[in-house]
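Asks: Listed below are the residues making up each chain.
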Amino acid sequence: MTDYQHKPDCSRTVHELHTFLDREITDESRLRIQAHLDECPPCGHAFDFEAELRHVIADRLRTEVPASLAERIRAAIENAG
Amino acid sequence: MAGAELHRTAPDRVGPCGSPPTRRGSYPECVADQASFVEDTQPFVGPLFGTAVRLTNNRSDAEDLVQETYLKAYRAYDSFQEGTNLRAWLFRILTNTHINRYRSASRRPQEAELDDVDNLYLYRRVGDEGISQSAEDDLMDRLTEPAVSEAVAGLPEHYRLPVLLADVEGFAYKEIAEILDVPIGTVMSRLHRGRNALQKALYDVAVDRGLLGNGTTATRP
Ligand SMILES: [Zn+2]
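Here the protein sequences come in this chain order: X and S. Anchor point for the first sequence: position 40 equals 40 in the numbering used here, and the numbering is continuous, going up by one each time. Basically the numbering used here = 1-based index in the second sequence + 81.
Heads up, a few of these hints could be off.
[Claimed, not checked] Covered stretches of chain X (in silico footprint by chain S; criterion: 3 or more residues with CB under 8 angstroms from a CB of chain S, positions within the stretch not fixed):
no. : region
1   : 15–22
2   : 41–55
3   : 60–70
[Claimed, not checked] Calculated lysine to aspartate or glutamate pairs in the EDC-like style (CA-CA distance at most 20 angstroms, straight line):
no. : chain 1 : residue 1 : chain 2 : residue 2
4   : S       : 255       : X       : 16
5   : S       : 255       : X       : 22
6   : X       : 7         : S       : 219
7   : S       : 153       : S       : 231
8   : S       : 281       : S       : 218
9   : S       : 281       : S       : 238
10  : S       : 255       : S       : 163
11  : S       : 153       : S       : 142
12  : S       : 153       : X       : 78
13  : S       : 281       : X       : 24
14  : S       : 255       : X       : 71
15  : S       : 281       : X       : 78
16  : S       : 153       : S       : 289
17  : S       : 281       : X       : 48
18  : S       : 281       : X       : 59
19  : S       : 255       : X       : 27
20  : S       : 153       : X       : 71
21  : S       : 281       : S       : 231
22  : S       : 281       : S       : 222
[To be verified] Just a few of them, taken from the derived set where beta-carbon distance is under 8 angstroms, the chain X residues facing chain S:
no. : residue
23  : 73
24  : 74
25  : 76
26  : 77
27  : 80
If you are wondering where the hints come from, they were derived from the structure by calculation, not from laboratory data. We put the CB at the ideal spot given by N, CA and C, even for glycine.
Could you put together the complete structure from these sequences and hints?
Replies: In structure tokens, the structure reads:
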């Protein structure tokens with residue numbers, strides 16, 4: 001098992017994982033977390049894993065849109081108009 | 082409306098109203114007009130359909146849901162508040178329409194609370210399995226579309242929706258709060274729990290499918 005979260009900074013950093021990756025965080029917090037990730041390989045690795053996982057999930061959930069749908073909507077709107 | 086105009090390719094650029102520039106409206110005024118509705122909203126058919134599929138778990142129902150969303154949006158377009166976000170507005174109509182369609186017969190079911198799971202659930206489990214960096218990459222490859230779809234479909238809807246809106250559609254917390262009509266704090270807590278629950282579900286699906294568990298013997302260096 002890796003040794004992240006052994007230090008208080010690690011625990012705090014992991015706690016802020018989501019808001020950091022969402023970029024919904026103050027500049028001050030972002031810089032503090034980034035500095036920690038740069039100097040703490042276990043946390044850096046964990047954050048990289050999470051970022052990659054998000055990318056994979058979003059990619060898998062991409063849906064092919066039926067070619068006929070846009071035309072169907074146009075027709076429905078014209079009928080409604 | 083002339084067919085030729087309807088078939089015009091929508092511009093890529095998105096203006097401050099959250100919509101592409103229209104033939105008529107300049108950016109500052111951004112007049113919402115039914116005449117420009119199809120053109121303005123065209124770029125969002127795909128994203129709305131993608132979310133509709135994840136809401137209904139059925140492509141045919143999703144098409145119906147998107148069409149109904151567009152009809153409602155068309156009828157309300159004159160009242161669309163300019164300076165607000167057209168994409169978020171359409172997603173708000175989509176989610177409300179879905180809720181009305183599928184819950185009108187029965188009362189809104191109790192919103193079950195998920196067990197709190199810590200951040201890094203999947204990462205830690207992969208670590209516990211003792212698999213290597215290359216196996217970690219393999220895991221990503223093995224999280225196939227059916228596996229991820231199954232995990233997402235199993236999430237309660239009030240967690241699934243914020244996760245989809247944030248992680249697939251890239252909406253900001255504030256936008257999700259507007260779409261779902263809940264406070265930002267609620268968005269954050271649902272995202273937090275929803276994402277962690279999704280990781281647990283992904284792990285369970287991966288184990289069920291034999292992607293993790295007994296077969297993995299390599300060790301993390
Ligand atoms: Zn650390």
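Asks: Can the restraint linking residue 153(S) and residue 78(X) be considered satisfied, given a maximum Cα separation of 20 angstroms?
Replies: 13 angstroms, holds
Asks: Need the status of pair residue 255(S), residue 71(X): alpha-carbon distance at most 20 angstroms?
Replies: Violated, at roughly 32 angstroms.
Asks: Starting from residue 255(S), check that the Cα of residue 163(S) is at most 20 angstroms away, please.
Replies: 17 angstroms, holds
Asks: Do three or more residues from the region 15–22 of chain X put their C-beta atoms closer than 8 angstroms to C-beta atoms of chain S?
Replies: With 5 residues closer than 8 angstroms to chain S, the region 15–22 of chain X meets the three-residue bar; holds.
Asks: Is residue 281(S) within 20 angstroms of residue 231(S), Cα to Cα?
Replies: Within the cut-off at roughly 12 angstroms; holds.
Asks: Given the hinted pair residue 281(S) and residue 238(S), is their Cα-Cα distance within 20 angstroms?
Replies: 16 angstroms, holds
Asks: Quickly compare the C-alpha distance for residue 281(S) and residue 78(X) to 20 angstroms and report which way the hint goes.
Replies: 46 angstroms, violated
Asks: Take the shortest C-beta to C-beta distance between residue 77(X) and chain S; is it under 8 angstroms?
Replies: 5 angstroms, holds
Asks: Can the restraint linking residue 281(S) and residue 218(S) be considered satisfied, given a maximum Cα separation of 20 angstroms?
Replies: Status holds; Cα separation ~18 angstroms.
Asks: So if I understand the rule, the pair passes when the alpha-carbon distance is 20 angstroms or less; does residue 255(S) with residue 27(X) pass?
Replies: 18 angstroms, holds
Asks: Would the pair residue 153(S) and residue 289(S) pass a check requiring their Cα atoms to be no farther apart than 20 angstroms?
Replies: 42 angstroms, violated
Asks: Given the hint that residue 281(S) pairs with residue 59(X), does the C-alpha gap stay at or below 20 angstroms?
Replies: With a Cα-Cα distance of about 19 angstroms, the restraint between residue 281(S) and residue 59(X) holds, given a limit of 20 angstroms.
Violated hints for the displayed structure, listed by number in ascending order: 6, 7, 13, 14, 15, 16.
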